[in-house]
Amino acid sequence: MKKIVLSLSIIILTAFAIQSCDKIEQNDDGTYTVYSGAVGEWINGNGVADKSQRALLEKYTGLRCNNCPKADTVIATATAQYNGLLIPVSIHDSSFSFCRPWTFSTPTGNEWSHYFGTFGQYPQAIVNRSLSGSSFDRFDPTSGITSHVDPLVQQSAKVAIAADAACANNTINVTVNLEFVETVAEPLTLTICIIEDNLVATQLQPDGHTWDSNYVHNHIFRDVVTDMWGADIDCSGTAGEKRMAVFSTNKINPDWKLENCHIVAFVSYKESRDILNVVECEIE
Amino acid sequence: MKKHLKLLFVATIIIFMKGQGSSVKAQGIMGGHVTGNVQLDGQFSSRDSIIGATDVPEKMLSNVRADILYTNGNFSAGLRYEAYLNPMLGFDPSSKFKGQGIANYFVSYKTQNFTVTAGHFYEQFGNGMTLRAYEDRYLGIDNALRGVNVMYRPFRGITFKGVLGQQRYFWETRGLVRGVDGEVNLNDLITSWNESKTRLTLGGSFVSKYEDDETILSDMPGYKLQLPKNVGAASVRMDLAHGGFGLQAEYARKGQDPWLDNGYIYKPGEALWLSASYSQKGLSANIQAKRVDNMGFKSVRSVNERQMLYINYIPSITKQHTYAFLSMYPYGTQTTGEMGVQGDFIYKFKKESLLGGKYGTDIHLNASLITGLDTTLVGGKGTDGYTSSFFGTGETYYGDVSLEIAKKLSSKVKLSATYGYVLFNPVVEGHPGDIHHNHVLVADLTWKINRKNVLRFEAEWMGSDSKYSELVDDKRCGDWIMGLVEYNFTSAWFVSVSDQYAYNDGVGNYYNVSVGYTKGATRLQLGYGKQREGIICIGGVCRNVPASNGLTFSLTTSF
Amino acid sequence: MKKAILTITAMLFFGLSFAQNAKLPENISIKTLDGKTVETSVIQNDGKPIIVSFWATWCKPCNRELNAIKEVYEEWQEETGVKLVAISIDDTRSASKVKPHVDGNEWNYEVYLDQNQDFKRAMNVVNVPHTFLINGKGEIVWQHTSYVDGSEEELFELVKKLANGEEI
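Protein chains in written order, with the working numbering: chain A, 1 to 284; chain B, 1001 to 1559; chain C, 2001 to 2168.
Misleading hints may appear alongside valid ones.
[As the list claims (entries may be wrong)] Straight-line distance between alpha carbons at most 27 angstroms, and here's what the computed DSS-like set of lysine-lysine pairs gives:
{"no.": "1", "chain 1": "C", "residue 1": "K2160", "chain 2": "C", "residue 2": "K2036"}
{"no.": "2", "chain 1": "C", "residue 1": "K2083", "chain 2": "C", "residue 2": "K2060"}
{"no.": "3", "chain 1": "B", "residue 1": "K1281", "chain 2": "C", "residue 2": "K2070"}
{"no.": "4", "chain 1": "C", "residue 1": "K2160", "chain 2": "C", "residue 2": "K2120"}
{"no.": "5", "chain 1": "B", "residue 1": "K1412", "chain 2": "B", "residue 2": "K1281"}
{"no.": "6", "chain 1": "C", "residue 1": "K2023", "chain 2": "B", "residue 2": "K1452"}
{"no.": "7", "chain 1": "C", "residue 1": "K2031", "chain 2": "B", "residue 2": "K1350"}
{"no.": "8", "chain 1": "C", "residue 1": "K2036", "chain 2": "C", "residue 2": "K2070"}
{"no.": "9", "chain 1": "B", "residue 1": "K1519", "chain 2": "C", "residue 2": "K2036"}
{"no.": "10", "chain 1": "B", "residue 1": "K1448", "chain 2": "C", "residue 2": "K2031"}
{"no.": "11", "chain 1": "A", "residue 1": "K23", "chain 2": "A", "residue 2": "K51"}
{"no.": "12", "chain 1": "B", "residue 1": "K1412", "chain 2": "C", "residue 2": "K2036"}
{"no.": "13", "chain 1": "B", "residue 1": "K1452", "chain 2": "C", "residue 2": "K2031"}
{"no.": "14", "chain 1": "C", "residue 1": "K2070", "chain 2": "C", "residue 2": "K2120"}
{"no.": "15", "chain 1": "B", "residue 1": "K1519", "chain 2": "C", "residue 2": "K2120"}
{"no.": "16", "chain 1": "C", "residue 1": "K2036", "chain 2": "B", "residue 2": "K1358"}
{"no.": "17", "chain 1": "B", "residue 1": "K1229", "chain 2": "B", "residue 2": "K1197"}
{"no.": "18", "chain 1": "C", "residue 1": "K2161", "chain 2": "C", "residue 2": "K2023"}
{"no.": "19", "chain 1": "C", "residue 1": "K2137", "chain 2": "C", "residue 2": "K2060"}
{"no.": "20", "chain 1": "B", "residue 1": "K1452", "chain 2": "B", "residue 2": "K1412"}
{"no.": "21", "chain 1": "C", "residue 1": "K2036", "chain 2": "C", "residue 2": "K2083"}
{"no.": "22", "chain 1": "B", "residue 1": "K1407", "chain 2": "C", "residue 2": "K2120"}
{"no.": "23", "chain 1": "B", "residue 1": "K1098", "chain 2": "B", "residue 2": "K1059"}
{"no.": "24", "chain 1": "B", "residue 1": "K1519", "chain 2": "C", "residue 2": "K2031"}
{"no.": "25", "chain 1": "C", "residue 1": "K2060", "chain 2": "B", "residue 2": "K1407"}
{"no.": "26", "chain 1": "C", "residue 1": "K2137", "chain 2": "B", "residue 2": "K1408"}
{"no.": "27", "chain 1": "B", "residue 1": "K1281", "chain 2": "C", "residue 2": "K2023"}
{"no.": "28", "chain 1": "B", "residue 1": "K1281", "chain 2": "B", "residue 2": "K1224"}
{"no.": "29", "chain 1": "C", "residue 1": "K2060", "chain 2": "C", "residue 2": "K2070"}
{"no.": "30", "chain 1": "A", "residue 1": "K23", "chain 2": "B", "residue 2": "K1229"}
{"no.": "31", "chain 1": "A", "residue 1": "K242", "chain 2": "B", "residue 2": "K1224"}
{"no.": "32", "chain 1": "C", "residue 1": "K2023", "chain 2": "B", "residue 2": "K1197"}
{"no.": "33", "chain 1": "B", "residue 1": "K1530", "chain 2": "B", "residue 2": "K1059"}
{"no.": "34", "chain 1": "B", "residue 1": "K1519", "chain 2": "C", "residue 2": "K2048"}
{"no.": "35", "chain 1": "B", "residue 1": "K1452", "chain 2": "C", "residue 2": "K2070"}
{"no.": "36", "chain 1": "B", "residue 1": "K1059", "chain 2": "B", "residue 2": "K1096"}
{"no.": "37", "chain 1": "A", "residue 1": "K242", "chain 2": "A", "residue 2": "K257"}
{"no.": "38", "chain 1": "B", "residue 1": "K1281", "chain 2": "C", "residue 2": "K2161"}
{"no.": "39", "chain 1": "C", "residue 1": "K2031", "chain 2": "C", "residue 2": "K2161"}
Keep in mind that the hints were calculated from the coordinates and are not lab data.
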């Protein structure tokens, strides 16, 4: 009997040994492939099926900004209306979050806020970082945003953009595909941001003195995967060109709940910082 | 470094042999033995545009091999010399094969319960579905592993085997293969079962290969495949016998293994093989079934040579036909996916019975059918490839029925008549075209004139459906007729003359004359004639042989 | 260098091979028809001659030879006590057909399977049929490859000589 048990157990162990072979996880599209270039290297891509022109709405805000909840309502309504064409991002800087350790301000947010001239006067919004004359066309979103968004999304896109993101081994990899619909001669950059939803934190309410400690903050800008002013796009910019690159970061703050995070990526002119197109995607 | 190792190895054997050799003479007791065999094949071929034979620039091609084996009690060692100067037609003509050298060497120590072999070795686990390192010199296959092979029997009835090695690839070794196998014979193991009429053997094996990462681009620009470096295959098997009944089964699975022949897909492989038989004196029946799904297993992912570097072997279940026309369209196992059934039936009408006559009559009936799998495509390279339903069948690949009746007509004359039907789908050889159907008739008569003189006549006819030969625009795919006369005298010599003729074509005559001489374990054969291009298959594994025209010779000897 | 190795090896084996008859290997694993693994040492015949015949189900001459011997096997056994041991080299494709084949053809031989062809290699068998004659001491005294109808009678002459204690 002892012999049988011994032999059987060895055979069973042997059968289980098959577990020791490598298992490649399947991607969502059913493939087992991986980007073949180096991180940040631009190579010929697969093209982008969706050629829509989308708009990035950056809302500069703070926890002590009593009109910001109103702006959130307006933006939520508009986001639903535009059905994916409007991508909102909430950027906190340090001005209205003074002495609040749990605020969502970031050095990048501060820098942008200063650059676009929104620092210290909230809520302020800017769509696709578009220019009005020589300065950025910033406005108060509580007074309506559609007049700023409509002219942008009604254009046809010069550059189509698609992104995929996945997180493994504490590294987020973002694959971005670009396809030039029209020729763009100017140098371009790509910026990738990590955005988190469903953050519960206190927020000053419109009455100016009530603090709602259960306020749900959405679209909070957490960090950039690329440089804050984007990574240079290596391309000729001629119509029909397809380029792709993968960017990755392992600087993941343990406070972030990755399951609530998503990626926003946008292409902008290197000189003017005006955004050509933007896309958002989930992190797998 | 490699050369030095070889030299060291040879030197070791020589020293060992020398020591033993002198002790034989000095003490006059049983020492070691050296045995061996030599095979020399040569070929002269010249151009014949009608049959498509091309000139051989070197005039003569030859394959030579010589095995030398030394045994002394539990110890044995051997080496094999091979030369391809230059390789014969049908063997890889590239510079990879050309040349000569020591292709195989080993040392082995064997006791009843323990064996260890270092160097080149051949091994098979179960039916070979996870591992079969073997050689077939006629197919030019040598999947020998070079490494270490261990067998251990801890108790009566239990056998473990382990292998670790690299596979032979022309004159190099490639890949890394590791495997273990366990087998339990319950009748040997359990004392009370020792004499049981029912005999049961169970076994299992696990084999894994390792291969470094490489860049294989996906169909999507910019992406490459994420390759598994370790790929495993495992199987379980049983062999049950009760009197005349026998039942054998093996089921194997393989992990994700994208490689050239499966189009770099990630679907796990599986294979099931079943065989049931019943036999008694003068009667036997055997039924086999199998299902193979993406179970080709090579130690190197991307290798062009079709039959090289296979780790496993999927047993073919079709009958290995020996008559020329029945084997004109042989079937090679489709390791990527196939299903098949086969039935084999042998019956002997007894002497003095109604159908048996004075000497008895033998009947051998065999039929098989092989189809593809019922698959649904889900993607190309770098995906799972396809899904398949377990019981669904796809396109018909091959089928055959053969009935052979053999009868001794008198004490001197024996006649065997065979009818065969072969259905063949050229798609299995990668050619487009329709299934074609062939009918074959064979008469094989042996006339033993006296003890020293034997004549054998063989006549064959094959009729094919004309649709196929029109489709491929080659009348040689149509009807054929063949005759052969073979004369054996003094039991050492034979002369044979044969001709195969595609009579619709009216041009191609494939005649052959051969003379052979056998003495003891030495055999010399000379042939002159035209050889049809075709496919030689042994055990479901095939090799393409191009047309040739000219002289061939073959010498084999064992000592 | 390779030439040198070959020359030395060739010289050595010529020097040795005339020493005496090789013995039948004893420790090679083969299988019985009911799946039991045994060693080649089971090939025994109480000091009487043994014919060891390598064959395969798909080999026509092998079948002709074994069928021809079948007709006279009983007489041979009565006269000389010889035993025929048939070693099938069938691979997996046909190994499961060996027992049905043997029974179907009514062969009364001792049949073993040499699926991994270890025994075949140890005996330097190149082609089947290949027949060995083993004397009472277990020494290989004669071997022959291929079969033509009638050559079994020649084999029997040799068996008779062995049974009478004559040298071959």
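Hints and how they fare:
1. Distance hint between K2160/C and K2036/C is unfulfilled; the C-alpha atoms sit about 33 angstroms from each other, more than 27 angstroms.
2. Distance restraint check for K2083/C and K2060/C: the Cα-Cα separation of roughly 22 angstroms lies within the 27 angstroms cut-off, and the hinted pair is therefore satisfied.
3. Under the criterion of a C-alpha separation no larger than 27 angstroms, the hint pairing K1281/B with K2070/C is consistent with the structure, at around 13 angstroms.
4. A C-alpha spacing of about 26 angstroms is found between K2160/C and K2120/C, which places the hinted pair at or below 27 angstroms, so the restraint holds.
5. With a C-alpha separation of about 25 angstroms, the suggested pair K1412/B and K1281/B falls inside the 27 angstroms cut-off, and the hint holds.
6. Between K2023/C and K1452/B the CA atoms are separated by roughly 31 angstroms; this puts the pair beyond 27 angstroms, and the hint is violated.
7. A C-alpha spacing of about 30 angstroms is found between K2031/C and K1350/B, which places the hinted pair above 27 angstroms, so the restraint is violated.
8. For the suggested pair K2036/C and K2070/C, the alpha carbons sit about 25 angstroms apart, so the restraint of at most 27 angstroms is met.
9. Restraint check for K1519/B and K2036/C: the C-alpha separation of about 36 angstroms exceeds 27 angstroms, so the hint is violated.
10. For the hint linking K1448/B to K2031/C, the alpha-carbon distance of about 36 angstroms lies beyond 27 angstroms, and the restraint is violated.
11. With a C-alpha separation of about 36 angstroms, the suggested pairing of K23/A with K51/A is violated against the 27 angstroms cut-off.
12. For the given pair, K1412/B sits about 40 angstroms from K2036/C by alpha-carbon distance, which is inconsistent with the 27 angstroms threshold.
13. For the suggested pair K1452/B and K2031/C, the alpha carbons sit about 37 angstroms apart, so the restraint of at most 27 angstroms is broken.
14. Proposed proximity of K2070/C and K2120/C is supported: the alpha carbons are some 23 angstroms apart, at most 27 angstroms.
15. Among the hinted pairs, K1519/B with K2120/C is consistent with the structure: their alpha-carbon atoms are about 20 angstroms apart, no more than 27 angstroms.
16. Note on K2036/C and K1358/B: the hinted pairing is violated, with a Cα-Cα distance of about 38 angstroms set against a maximum of 27 angstroms.
17. Distance check on the hinted pair: K1229/B and K1197/B sit about 46 angstroms apart at the alpha-carbon level, beyond 27 angstroms; violated.
18. A distance of roughly 19 angstroms separates the Cα atoms of K2161/C and K2023/C; the hinted pair therefore holds under the 27 angstroms criterion.
19. Between K2137/C and K2060/C the alpha-carbon distance is near 32 angstroms, which puts this suggested pair outside the 27 angstroms criterion.
20. The straight-line distance between the Cα atoms of K1452/B and K1412/B is roughly 12 angstroms, inside the 27 angstroms bound, and the hint therefore holds.
21. Between K2036/C and K2083/C, the direct Cα distance comes to roughly 21 angstroms. Compliance with the 27 angstroms bound is thereby established for this hinted pair.
22. At most 27 angstroms may separate the alpha-carbon atoms for a hinted pair to count; K1407/B and K2120/C exceed this at roughly 32 angstroms.
23. A C-alpha spacing of about 15 angstroms is found between K1098/B and K1059/B, which places the hinted pair at or below 27 angstroms, so the restraint holds.
24. Pair hint K1519/B plus K2031/C does not hold up; C-alpha atoms about 31 angstroms apart against a cutoff of 27 angstroms.
25. Under the criterion of a C-alpha separation no larger than 27 angstroms, the hint pairing K2060/C with K1407/B is consistent with the structure, at around 15 angstroms.
26. Straight-line distance between C-alpha atoms of K2137/C and K1408/B comes to about 38 angstroms, which puts the hinted pair past the 27 angstroms bound.
27. Between K1281/B and K2023/C the CA atoms are separated by roughly 34 angstroms; this puts the pair beyond 27 angstroms, and the hint is violated.
28. As the CA atoms of K1281/B and K1224/B are separated by approximately 60 angstroms, the hinted pair breaks the 27 angstroms bound.
29. Simply put, K2060/C and K2070/C have alpha-carbon atoms about 15 angstroms apart, close enough for the 27 angstroms limit, and the pair holds.
30. The straight-line distance between the Cα atoms of K23/A and K1229/B is roughly 9 angstroms, inside the 27 angstroms bound, and the hint therefore holds.
31. Between the alpha carbons of K242/A and K1224/B the distance comes to roughly 17 angstroms, so the proposed pair stays at or under 27 angstroms and holds.
32. Restraint check for K2023/C and K1197/B: the C-alpha separation of about 34 angstroms exceeds 27 angstroms, so the hint is violated.
33. The hinted pair formed by K1530/B and K1059/B meets the criterion: a straight-line CA distance of about 16 angstroms does not exceed 27 angstroms.
34. Taking the CA atoms of K1519/B and K2048/C, the gap is near 25 angstroms; set against the 27 angstroms cutoff, the hint holds.
35. A threshold of 27 angstroms between alpha carbons decides the hint, and for K1452/B with K2070/C the separation of about 20 angstroms falls inside it, so the pair holds.
36. Straight-line distance between C-alpha atoms of K1059/B and K1096/B comes to about 20 angstroms, which keeps the hinted pair within the 27 angstroms bound.
37. For the hint linking K242/A to K257/A, the alpha-carbon distance of about 33 angstroms lies beyond 27 angstroms, and the restraint is violated.
38. The suggested pairing of K1281/B with K2161/C is violated, with an alpha-carbon distance near 32 angstroms, which exceeds 27 angstroms.
39. With a CA separation close to 31 angstroms, the supplied pair K2031/C and K2161/C exceeds the 27 angstroms bound.
The structure is inconsistent with the numbered hints 1, 6, 7, 9, 10, 11, 12, 13, 16, 17, 19, 22, 24, 26, 27, 28, 32, 37, 38, 39, although it conforms to all the rest.
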